[in-house]
Amino acid sequence: MNKGYDANLEEAVAEAKRNDKDKSKGKKKKRSWDYEKEILRLQVEIAHLQAWVKKAGARIVIIFEGRDAAGKGGMIKRITEKVSPRVFRVIALPAPTDREKSQIYMQRYINYLPAAGEVVIFDRSWYNRPGVDRVMGFTSEKKAERFLELAPRFEAAIVESGIILLKYFLTVSEEEQERRFKRRIDDPLRQWKLSPMDVESYQRWWDYTKAYDAMLRMTDSNHAPWWIVPSDDKKQARINCISHILQSIPYERVKFEAPDLGKRQKRPGGYVDDQSIRHVVPDVTAR
1 MNKGYDANLE EAVAEAKRND KDKSKGKKKK RSWDYEKEIL RLQVEIAHLQ
51 AWVKKAGARI VIIFEGRDAA GKGGMIKRIT EKVSPRVFRV IALPAPTDRE
101 KSQIYMQRYI NYLPAAGEVV IFDRSWYNRP GVDRVMGFTS EKKAERFLEL
151 APRFEAAIVE SGIILLKYFL TVSEEEQERR FKRRIDDPLR QWKLSPMDVE
201 SYQRWWDYTK AYDAMLRMTD SNHAPWWIVP SDDKKQARIN CISHILQSIP
251 YERVKFEAPD LGKRQKRPGG YVDDQSIRHV VPDVTAR
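The opening residue of the sequence shown carries number 1 in full-length UniProt numbering; numbering runs sequentially from there.
Hints were generated in silico from the structure; no laboratory data involved. Any given hint could be a false lead.
As the list claims (entries may be wrong) - Simulated crosslink set (DSSO-like; lysine-lysine; CA at most 27 Å straight-line):
1) K234 / K82
2) K193 / K255
3) K37 / K210
4) K266 / K77
5) K182 / K235
6) K182 / K210
7) K234 / K37
8) K77 / K143
9) K54 / K82
10) K101 / K143
11) K255 / K54
As the structure is a computational prediction, the values presented were derived from the model and not from experiment.
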């Protein structure tokens, strides 16, 4: 292990934290609530939601769209970190393959819609087309406009099939986005988050603004409305959005049926613990 590298990394992280603290001085406001307690309370409710989803065979789709660095990943993490990935599935699709490009646009997303007893969370979704694809020229203006016409019909079919569909758009100010991007540059633990597409979204703020304005205006509907989540304060955004999700789903608490563990079988007579072929991880904590 390169101890010199470790020391440099530790120093860089400490410096990034100091810089971030200096930048945010005076911005912190006194909260009337305790974030850690509130987020834990909401995660307990999400666990109750999970039990209901499994028992009722419910199908739920939650879409997260928004500006780069608005906090979509952190939001999704807080929703899913205390529940089963078999029930809460997070879908973050890469760029389409050549085969997928030849298919109907919605086809790759239809494959990920939930079966009974599942919650599917899209970390970006079919709304890539009127957003990043449109701004970056990955799709034509004609296709983007046609998508905006057809998306409400597609979502109506989803809702009519019995799926609960929730759509959230996370907003962030120009100043806060810039602060978060600079933090990613300064912090070795966050540098992986900064991509060339993030730089493009920063430089082309108003192109994205116009594209998102059109997207929200044309695809907001009674059956699948857009819910805007102001996200300059990440913790506040998480509390507000997760609370809204729970309020928007008619779940009921399901009584937990505790299993009877019974009795463990007794150790067989004459059994010898064979350690001849075991490779045990060294205990570095004893040093």
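Within 27 Å, alpha carbon to alpha carbon, are K37 and K210? With a Cα-Cα distance of about 38 Å, the restraint between K37 and K210 is violated, given a limit of 27 Å.
Has the given pair, K266 with K77, been kept, meaning a C-alpha gap of at most 27 Å? violated (42 Å)
Does K54 lie within 27 Å of K255 when you go C-alpha to C-alpha? holds (12 Å)
CA of K101 to CA of K143, is that 27 Å or under? Roughly 13 Å between the alpha carbons, so the hint for K101 and K143 holds.
Check whether the Cα positions of K182 and K210 lie no farther apart than 27 Å. holds (24 Å)
When you check the alpha-carbon spacing of K54 and K82, does it fall within 27 Å? holds (15 Å)
With a cut-off of 27 Å on the C-alpha distance, tell me whether K182 and K235 pass. holds (20 Å)
Given the hint that K77 pairs with K143, does the C-alpha gap stay at or below 27 Å? Violated, at about 33 Å.
Take the C-alpha atoms of K234 and K37, compute the straight-line distance between them, and say whether it is at most 27 Å. holds (16 Å)
Starting from K193, check that the Cα of K255 is at most 27 Å away, please. Roughly 41 Å between the alpha carbons, so the hint for K193 and K255 is violated.
Mind checking the alpha carbons of K234 and K82 for me, to see if they're no more than 27 Å apart? Holds: K234 and K82 sit about 19 Å apart, inside 27 Å.
In this structure, the earlier hints numbered 2, 3, 4 and 8 are contradicted, and the remaining ones agree with it.
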